[in-house]
Each structure stands twice: as C-alpha cells, then as structure tokens.
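Novice: Listed below are the residues making up each chain.
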Amino acid sequence: MTSGRMELVCPAGTPATLRAAVQAGADAVYCGFRDETNARNFPGLNFSGEELAEGVRFAHDHGSKVLVAINTFARVNDVVLWKRAADMAAECGANAIIAADIAVLDHVAKNHKQVRLHLSVQAAAATPEAIGFYATSFGVRRVVLPRVLSVQEIAALNRAIDVETEAFVFGGLCVMIEGRCYLSSYATGKSPNLNGVCSPPEMVSYDDEPSSTAARLSGFTIDRYEPGEPVGYPTLCKGKFKAGDKTSYLFEDPVSLNAGGMIAGLKAAGVTALKIEGRQRGKGYVTEVVRAFRKAVDAVEQGGDAIEIDRILAGQSEGSRQTAGAYSKKWR
Amino acid sequence: MVPGNTDAKLPAVFRLLFPVIAGVPLGPLLTLSLRSLAGREPRLFERLGEHRSACYFIDPIDLAFAFTVVPDGERSIVRVVRKSETATSSVQIRGPILTLLSLLDGTLDGDALFFSRIISISGRTEAVLALRNTIEDAELRPADLLGLRGALARLVDTGILGALGIARQLADPNSRRKAPEA
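Same order as they appear, the protein sequences are chains A and B. The working numbering applies: residue 24 is where the first sequence begins, and numbers increase by one. The working numbering applies: residue 368 is where the second sequence begins, and numbers increase by one.
Hints may be right or wrong, so weigh each one.
Distance condition first, Cα-Cα at most 20 Å in a straight line; then the derived SDA-like pairs of lysine to any residue [said to hold, decoys possible]:
hint : chain 1 : residue 1 : chain 2 : residue 2
1    : A       : LYS263    : A       : GLU275
2    : A       : LYS290    : A       : VAL174
3    : A       : LYS263    : B       : SER483
4    : B       : LYS450    : A       : ASP231
5    : A       : LYS263    : B       : PHE482
6    : A       : LYS88     : A       : GLU30
7    : A       : LYS133    : A       : GLY116
8    : A       : LYS213    : B       : ARG491
Here chain A is said to cover these stretches of chain B; the calculated rule only asks that three of the stretch's residues, wherever they fall, bring their Cβ under 8 Å from a Cβ of chain A [as the list claims (entries may be wrong)]:
hint : segment
9    : 413-419
10   : 482-493
11   : 500-513
Residues of chain B placed beyond 10 Å of chain A at every Cβ, according to the derived structure [what the hints assert, rightly or not]:
hint : residue
12   : PRO392
13   : GLY394
14   : PRO395
15   : ARG407
16   : PHE434
17   : SER443
18   : VAL447
19   : LYS450
20   : THR453
21   : ALA454
22   : THR455
23   : GLY477
24   : ALA530
25   : ILE533
No wet-lab data here; the hints were simulated from the structure. Since the model is a prediction, treat every value here as computed from it, not as a measurement. Where a beta carbon is used, it is the ideal one built from N, C-alpha and C, also for glycine.
Assemble the whole structure, with the sequences as input and the hints as a guide.
Specialist: Take a look at the structure:
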C-alpha cells in the first residue's frame with residue numbers, strides 16, 4: 024500500500040496546455056516531442072526542445088514535475104531519433120522519461136542516470152516477472168499499468184513488486200494489449216507503435232451523404248451519424264461494423280474510462296500515481312478534468328467518502344458514455 | 368462539455384454593421400495583421416508544419432461572405448471571397464461567426480464544437496487538426512492580431528472581448544429569456 028500522497032499525472036499536448044494543467048493542480052504533466060517518438064503524434068501537437076525546456080522551467084517553478092513520453096518503438100537500424108529525444112528530454116531537465124522500447128530504456132539507463140525511468144503502458148507489463156525484468160535490467164522506477172487489470176489484481180501485483188505503479192483513471196481506452204493494434208496497421212499501413220497514432224488524420228474523412236455523415240479511416244467506413252447526431256473521431260476498435268446480419272460495435276463500445284469512483288480503492292491497492300489520458304485534448308478540457316480530479320484526490324487523501332467523490336466528479340460524465348473498465352471486471 | 372450559446376447566430380444589430388465593414392478592404396487588413404503577427408511570433412506558425420501552405424476556407428454562416436486564409440507566416444494571405452469559392456481550398460470550416468471568433472480567442476474548444484456539429488469541417492482532416500492545435504496553443508487576444516502592447520492592448524482586449532460577450536448574450540435565446548429574472 025502506498026504510504027504517501029497519490030500523484031496526479033496529467034496530459035499536455037502543447038505548452039499552453041502544460042501551463043493550464045499545472046495551474047489546475049497537476050502534480051506531474053506528461054508530454055512528448057513533435058515526432059514519431061511518442062504515441063500521440065498528431066499534426067500541430069507536442070513540443071520542440073525549446074518549448075519543453077520552457078515547460079519544465081514553468082512546471083518546476085510551480086512545484087510540478089514533467090514526464091516525457093518517448094514511448095513508441097524504434098525502427099530497425101534507426102534508433103537515433105529515439106536516443107536523441109531521450110538526450111533532449113534529459114537536457115531539458117525532465118523528471119522522468121516514459122519508455123517502452125528496450126533500446127530506449129537501455130540508452131537512458133546508461134547515459135542519463137539522473138532521469139527516472141517510467142515503463143510506458145505500451146510495454147504492457149502486467150506481471151511481477153515482466154516488471155521485475157525492467158526494474159532489474161534498466162532501473163525502472165515506475166510502471167504504467169495496462170488497462171486490463173482489476174483493482175484486486177493491481178493490489179496483488181503491488182505486493183509482489185518493489186517499483187511504483189501508475190494507473191489510468193480517466194480518458195480514452197485502448198483495447199487489450201495497449202497500442203498494438205493490428206487492425207490499424209492493416210487499415211492504414213502504419214503501425215501505431217512505430218508512428219505514434221492509430222488513426223492518422225491524413226487518412227480520416229467525414230463524408231456527407233444523403234441521409235448521414237460517414238466517418239472513414241483509409242476508406243473504411245467506421246461509423247455513420249444521423250443529421251445532428253454528435254460525431255466521433257473514427258477509431259477502428261470503436262467502430263460500428265456488420266457481422267452476419269447484425270450491425271454493432273463489434274470490438275468495443277465507444278466509451279471512455281472514468282475510474283474516479285475507484286481512487287480510494289486504487290490507493291488502498293498501493294497505486295502511487297493516477298493518470299489522466301488526453302494529450303490530444305484542448306486546454307479547456309484538461310483544465311476542467313484536472314481541477315475535478317485534483318479535488319477528488321485531495322478529498323480521498325483527507326478520508327472523504329464515496330458520495331463526496333461522486334459529487335466532485337459528477338460533471339465529468341456529461342455527454343459521453345463511460346466505464347470503470349477492467350478495474351471492476353464482472354466477467355471473472 | 369459544450370457551453371450553452373455556442374451555436375448562437377449574430378444578432379441583427381451586429382449584422383447591420385457588416386455592409387459598412389464590407390466596404391473596408393478587410394482582406395488586405397487581415398493579411399497585414401497576420402503577417403505582422405508572424406513577424407512577432409514566428410514560433411506560432413511553426414506548429415502548423417507543412418500545413419501552413421494549406422488554404423483554409425472559413426465560412427461564417429451568418430455573414431454574406433467568407434474568407435480564405437493561407438497561414439504561411441510572413442507570406443500569409445487572407446482574402447474575402449464569395450461563399451461559393453471553395454474550389455481552391457484544402458479545408459472548409461463553417462459555423463456562426465461568434466463561435467468561430469470564440470475558437471480564435473480560446474473561449475471554446477474546437478473538438479467539442481465539431482463533434483457536436485456546431486461547426487462543420489470538410490477537406491483534409493490533418494490540416495484542420497494542425498490549425499486547431501496551433502490556435503489552442505497560441506492563446507491569441509485581439510490585441511495580438513492588431514500588434515498592440517501594454518495599456519492600449521489591455522484596453523482593446525477589454526473592449527473587443529466585452530463587445531463579443533455582449534453579442535453572444537444577445538444571440539443566446541436562453542440568456543435573453545433569463546434576462547428579466549436577473
């Protein structure tokens with residue numbers, strides 16, 4: 024069980040969002056460089072080296088940490104970009120590097136001993152043996168847990184390992200083995216793990232048709248929307264497909280994670296840090312979510328009850344379908 | 368999480384002003400303003416990457432004209448065009464003028480407005496995303512576009528943002544209904 028105060032780790036896709044997250048109460052902000060070394064490689068998003076250095080200064084001046092995600096997998100014979108990103112993060116004064124690729128972990132462990140290593144969710148390490156390997160081999164200090172574990176499983180895991188754990192509590196969900204989406208690779212010809220995005224925007228189109236709008240990825244229709252119905256960004260795992268005679272969300276319902284009601288349970292399970300997903304989201308959204316989770320985490324730390332936590336987070340469920348995901352598995 | 372008055376149309380009183388504005392060389396003025404901003408804040412345009420040469424067709428649905436914008440730093444071009452002139456554009460963005468202005472000053476979130484269909488977008492999604500992320504980070508105020516600083520900038524920001532706030536209130540039927548109770 025974690026003895027200290029839980030850390031709230033918040034997303035930042037741009038310098039403005041980093042400042043907004045810090046001011047809204049983030050203990051730590053995670054971000055990435057403007058290239059394929061991180062898993063949110065969208066146009067116009069992310070940081071240059073200069074922007075990261077400024078962001079780190081701003082965060083440190085306000086008592087927050089900066090964690091840099093270099094969490095895609097390096098290409099064969101082309102590790103230079105990933106190593107350079109790690110060097111730049113270290114030069115900028117980042118508190119930690121979040122990585123999954125063994126080459127990147129090895130480079131940081133050997134060359135930047137002052138920078139903490141966090142194991143990205145992309146590594147999908149969910150057993151004491153796997154986590155132990157990363158801890159022993161590279162000195163990994165924290166593991167970001169895949170979103171496939173129940174709270175009970177996290178508690179058991181924490182009893183068996185001696186590194187910190189970080190659990191997602193809010194935002195998008197990725198099905199099963201994090202980020203390793205062969206569906207996306209098949210449809211787009213690009214691997215999310217290598218290029219940092221599962222629905223590349225250059226392959227996304229919204230086509231107005233006589234009675235509906237079709238959202239397509241690389242020519243594949245992912246969903247259709249009636250006139251006036253809210254649309255979504257076409258993601259293969261959350262698409263509506265026809266199998267046999269039935270049209271349904273074949274792989275996963277288009278729901279997002281909200282484990283706000285489980286903060287106390289996650290703390291009791293020994294989780295050190297709570298992570299909010301959404302580096303692609305705007306600063307208004309980030310401010311609102313971080314502010315609410317700040318209050319909720321503080322309330323849990325002060326012994327607040329479940330009703331109080333639900334009241335604090337009530338506004339965060341507006342307008343979208345949400346789930347507590349695997350944290351409360353009912354199929355086992 | 369979309370605020371209540373995001374699809375508000377421009378009130379008639381403000382629309383009446385636009386024939387007067389239409390007589391002003393709006394395109395050249397906005398071009399000058401954008402180029403001047405690029406001179407002061409070159410980093411802002413770097414975020415657009417390759418999409419700075421894209422042509423964005425911006426159609427305020429409650430005005431009689433539209434704009435095309437090529438946000439290419441100090442080579443930026445803004446033109447006032449007819450609503451039918453979409454052929455040369457890479458991206459088309461349509462919505463009420465007050466909503467589009469709110470996107471620019473960061474009052475509203477572009478994602479939420481698009482997904483709830485208050486603004487509509489067609490064309491190259493990657494160029495839209497690059498523009499959206501650039502605007503998100505820019506935190507532009509009216510004075511930034513006009514190249515003003517110091518006390519004058521604060522005065523202009525207060526004036527313009529105040530006027531926009533009043534326009535939004537006038538345009539919001541809910542706010543008008545609530546007014547007598549206030």
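Novice: Evaluate each hint against the coordinates.
Specialist: Going through the hints against the structure:
1. Between the alpha carbons of LYS263 (chain A) and GLU275 (chain A) the distance comes to roughly 9 Å, so the proposed pair stays at or under 20 Å and holds.
2. Simply put, LYS290 (chain A) and VAL174 (chain A) have alpha-carbon atoms about 10 Å apart, close enough for the 20 Å limit, and the pair holds.
3. Distance check on the hinted pair: LYS263 (chain A) and SER483 (chain B) sit about 19 Å apart at the alpha-carbon level, within 20 Å; holds.
4. Simply put, LYS450 (chain B) and ASP231 (chain A) have alpha-carbon atoms about 18 Å apart, close enough for the 20 Å limit, and the pair holds.
5. Distance restraint check for LYS263 (chain A) and PHE482 (chain B): the Cα-Cα separation of roughly 17 Å lies within the 20 Å cut-off, and the hinted pair is therefore satisfied.
6. Restraint check: the Cα-Cα separation between LYS88 (chain A) and GLU30 (chain A) comes to about 10 Å, which is no more than 20 Å; the hinted pair holds.
7. For the suggested pair LYS133 (chain A) and GLY116 (chain A), the alpha carbons sit about 17 Å apart, so the restraint of at most 20 Å is met.
8. Taking the CA atoms of LYS213 (chain A) and ARG491 (chain B), the gap is about 18 Å. The hint holds against a cut of 20 Å.
9. As drawn, the segment 413-419 of chain B meets chain A at 5 residues by the rule of a beta-carbon pair under 8 Å; at three or more, the given contact holds.
10. Only residues whose C-beta sits within less than 8 Å of a C-beta in chain A count toward coverage, and the segment 482-493 of chain B has 8 of them, enough to reach three; the restraint holds.
11. Taking a C-beta to C-beta cut-off of 8 Å, the segment 500-513 of chain B contributes 6 residues in contact with chain A, enough for the three needed, and the coverage statement holds.
12. Remark: the non-interface label on PRO392 (chain B) is consistent with the geometry, its nearest Cβ contact in chain A lying 30 Å away (cut-off 10 Å).
13. With a closest Cβ-Cβ approach of about 25 Å to chain A, GLY394 (chain B) is found to remain outside the 10 Å limit, as its non-interface label requires.
14. With a minimum CB-CB distance of about 27 Å to chain A, PRO395 (chain B) clears the 10 Å threshold, and the non-interface call stands.
15. With a least CB separation of 17 Å from chain A, ARG407 (chain B) remains clear of the 10 Å interface cut-off, as annotated.
16. At the 10 Å boundary, the C-beta of PHE434 (chain B) stays outside the reach of chain A, the nearest C-beta of that chain being 20 Å off.
17. Every Cβ of chain A is farther than 10 Å from the Cβ of SER443 (chain B); the closest lies at roughly 16 Å, confirming the non-interface assignment.
18. Every Cβ of chain A is farther than 10 Å from the Cβ of VAL447 (chain B); the closest lies at roughly 26 Å, confirming the non-interface assignment.
19. No beta-carbon of chain A is positioned within 10 Å of the beta-carbon of LYS450 (chain B); the least distance is around 16 Å.
20. Distance check on THR453 (chain B): its Cβ is at least 13 Å (rounded) from any Cβ of chain A, clearing the 10 Å threshold; non-interface status holds.
21. With a minimum CB-CB distance of about 17 Å to chain A, ALA454 (chain B) clears the 10 Å threshold, and the non-interface call stands.
22. Even its closest Cβ contact with chain A, about 19 Å, leaves THR455 (chain B) beyond 10 Å, as expected for a residue assigned away from the interface.
23. Non-interface call for GLY477 (chain B) relative to chain A: violated, since the shortest CB-CB distance, roughly 7 Å, does not exceed 10 Å.
24. The Cβ of ALA530 (chain B) lies farther than 10 Å from every Cβ of chain A, with a closest approach of about 22 Å, so its non-interface assignment holds.
25. At the 10 Å boundary, the C-beta of ILE533 (chain B) stays outside the reach of chain A, the nearest C-beta of that chain being 22 Å off.
Checked against the numbered hints given earlier, this structure breaks only hint 23.
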